[in-house]
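*Asks:* So the protein lines, in turn, are chains C and R.
108 is the number that UniProt numbering gives to position 108 of the first sequence; each next residue is one higher, with no gaps.
112 is the number that UniProt numbering gives to position 112 of the second sequence; each next residue is one higher, with no gaps.
It is possible that part of the hints are untrue.
No distinction is drawn between identical chains; accordingly, a pair holds when it is met within one copy or between any pair of copies.
[As the list claims (entries may be wrong)] In the EDC-like style, the derived pairs of lysine to aspartate or glutamate whose C-alpha atoms are separated by at most 16 Å in a straight line are:
| no. | residue 1 | residue 2 |
| --- | --- | --- |
| 1 | 443 | 343 |
| 2 | 378 | 154 |
| 3 | 477 | 339 |
| 4 | 376 | 14 |
| 5 | 377 | 236 |
| 6 | 377 | 484 |
| 7 | 84 | 214 |
The set of hints was computed from the structure by calculation and includes no laboratory data.
There are 2 protein chains.
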Amino acid sequence: MHCMYMRDCDGMPDPAQRDLLMRQEASRQTGGQIVLTAAEQKLDAYLHRLKEQEMSAAQFPPAIHFFKAKHLIQRSSIFKLLQKMPKGAALHVHSSALVSVDWLVKNVTYRPHCYVCFTWDSSVRFLFSARPPPPRWDCFSWQLLQTLRGKLGDPTGFDNSLMQHLTLFTQDPDGEYPNQDVVWEKFEKAFIAAAGLITHAPVLRDYFYKGLEELHQDNIMYLELRSGLSRTYELDGTIHDKVWTLKTLQEVTTKFTADHPDFLGARVIFVHEKSLKVKAAVQEAIQLQKDFPDVVAGFDMVGREDSGRTLWYFREALSLPAELGATLPYFFHAGETDDEGTDIDQNILDALLFNTSRIGHGYALARHPLSKELAKKKNVAVELCPISNQVLKLVSDLRNHPATVLMSEGHPMVISSDDPSLFGTSGLSYDFYQAFVGIGGFKANLGTLKELAANSIRYSSLPAHLKEKGHVAWETKWDAFVADNCC
Amino acid sequence: MHCMYMRDCDGMPDPAQRDLLMRQEASRQTGGQIVLTAAEQKLDAYLHRLKEQEMSAAQFPPAIHFFKAKHLIQRSSIFKLLQKMPKGAALHVHSSALVSVDWLVKNVTYRPHCYVCFTWDSSVRFLFSARPPPPRWDCFSWQLLQTLRGKLGDPTGFDNSLMQHLTLFTQDPDGEYPNQDVVWEKFEKAFIAAAGLITHAPVLRDYFYKGLEELHQDNIMYLELRSGLSRTYELDGTIHDKVWTLKTLQEVTTKFTADHPDFLGARVIFVHEKSLKVKAAVQEAIQLQKDFPDVVAGFDMVGREDSGRTLWYFREALSLPAELGATLPYFFHAGETDDEGTDIDQNILDALLFNTSRIGHGYALARHPLSKELAKKKNVAVELCPISNQVLKLVSDLRNHPATVLMSEGHPMVISSDDPSLFGTSGLSYDFYQAFVGIGGFKANLGTLKELAANSIRYSSLPAHLKEKGHVAWETKWDAFVADNCC
Ligand SMILES: [Zn+2]
Ligand SMILES: [Zn+2]
């Protein structure tokens, strides 16, 4: 046994040994095993210098609320590099928050036949309709947007106010969202407001295409979209079912990949509210997956975890596939909570016991040593969405995000954006920035970024041959990115 | 291999197996191995019910700033139980912040010959002097407090303003301390302000006695005090050296334990500023420890870690004891930082390589997997001071404190208060509350509390026979506490 392990050891610690220990520890972090090429080493050294500057600046973006940090991040040289970096896949994005609200308001609400209504709880509803819609329980009076805009003196101000209804983004996040309850209430309102626009059948097509475009522009090549496959409506009131939505997503993806041959495609994780009729939803998911094996990746449940039912509560429904001899991959949200030791806090373990393929968020995983080991053994990655966790008030300073622990241990992990339009992001570069600079700190290097990007293909739901194809395509892009920026 | 480890496993997870896993995980946490007696189980169940109430209340104290949560905690039934609980030892308390400012102002500043001076940077200085002190560089005009108070209409208001100079406590922590720099500046100002009072030789005696009394009242039986052993002064200007201070602490401790036979005593960890002349300080520490082996426990360095030198920078000085064939136990502050991968962030590893006996704070330890393993192997405890970490702005919501990870893994740990007078606490009950309710969450139970209290004796610097004696004495108190409160 070497002296350094003994309490009564003599003399100065051996600097070479100290160095070795530091390198051993660094090698455990995400990407710590990756051997960088000469070109990558140059880029890494450059990134390190940039990080030094960023960490010594007066304001450190990951330490402050993203809504206040966004303009700082946009000016960051690291961020600009991350935008150019091929980031692989976005594996945790909800369909209702896929496209920036700017486009929703400036494009969609300017289309003909778009009606708007302001509800008694100062929320907003949209509806496309051939003729004025009748009053509803929550909406007494609908106005044609075109007419309304014509009457208003300040269309820009009006459009900005519409955007405010569709996003959480604000200049004063601490004032507007004093606690989790308030921010979740706004979160749900914004989803409802967007629904009237997005579920209009012709809009959905464009919306989804635009969503893929935003990802592609941020150098992302593949998407797994969590979607409830809501029914859509036509101008004449016709309603389309889930299968229509699924087929539409498939068609749009086919068109998009034809237009952009370097884009791999998109798949859907069918999600259901963590409330009623979960059994029926699981059965539906089994059927959809059987009918659309190329598009439907699996099943997940959504809704605020802290105030909802546990996964274990739905154990019978979730056991259905096995009972029926069917396979239905799960991609559960779990551990999106600050509370420890509550019933909800067991969701991560249960997600693993139900053989989840990945864990959405897994914010609580670091404080569950046994579940953490189990996840590592089963090679189940967490989908880390740092900006989501901060905006939804799980943590204020991202240097305290528990993923610091996971990253230092090289726990399987991918980076995602959760609800980009609600958080005022687009693509994955903002979340990569927070993960790389805030959560990874000085330790995270180009190897970390490379592993995170490669992980997004590795832990995707793609079949093995497409994974391989995707990895090769991504690697080609990666090498070009390094060559373009290293020297 | 059991089915649950396999991806393609069939059927519902076995509830018994799930239960077993949950219990296995719980058994890893701090105190998870402790088998509770029947009486302890009753008390534990009661505590669990109280926690349920507290966690479902509108405001959860560990989630908000301690200065705003203090009155909530004071009303908490858990807190009241913790006050009665025999907590063992306080192992990380700084001598300049040992006694509440209330006593300093209401007692010490009312003594005769106490002069006050207000500096140009709106700070305050005190000095006991037989005649008016001459102007100093930082203090142009000294006023006798007795005279000044006679002139003022509102002595209570005046005394409160004096207290404000001696503590960080305020109703508006977010407004007054927008960032770490500001709070550390105030921190250092408050220390300087207190120094003029505490280093007056006759005051020091009473101050230290009062400090032991406050701990004893909070059911603490032993203290390890971090002290620079500042020189003290008499009314006539005589200056006493470090040895005088050390002897005084020894005498006061002897008197206190004579007055309170259930108190075990106090020892000193000699501390030095992390700046100049560290070599000389280490030599002095070796000498003091040789001359006062019963009182001097070892050596530590202080000062804000983020802006100071690294331990490794002082490696020659810290290697002196080994070089000289002397023993000098170390009790280093290390890892009191949010920043990751910086030079400072290596302090924990270096503290371990220099065979530190404990780690002060170790806030960054959870994100250093190799250092964490090394610390566990060497059985080096972290001194967790949750309120200090929150007030000094390392973390805002204590549920995000990285010690959640350490506690879930049963990492060696003791609870302490760091600078109670600056944070507006007294004893350890407030920090125990935060550790038990905030960091431990629902999972932490009576076993956790029992282990944390027992740890404080186990990881103290006491020689083996006194540890044994201390443990027996503590256990007797513990059993009485359980019997008194369980049923
Ligand atoms: Zn999500
Ligand atoms: Zn300290």
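*Asks:* All hints are to be evaluated individually against the structure, with a verdict given for each.
*Replies:* These are the hints, each one checked on the structure:
no., hint, result
1, 443 / 343, "between (35 Å within a copy, 11 Å between copies)"
2, 378 / 154, "neither (57 Å within a copy, 69 Å between copies)"
3, 477 / 339, "neither (41 Å within a copy, 32 Å between copies)"
4, 376 / 14, "neither (34 Å within a copy, 21 Å between copies)"
5, 377 / 236, "neither (53 Å within a copy, 72 Å between copies)"
6, 377 / 484, "neither (37 Å within a copy, 46 Å between copies)"
7, 84 / 214, "within (13 Å within a copy, 60 Å between copies)"
Hint check: violations occur at hints 2, 3, 4, 5, 6; the rest are consistent with the structure.
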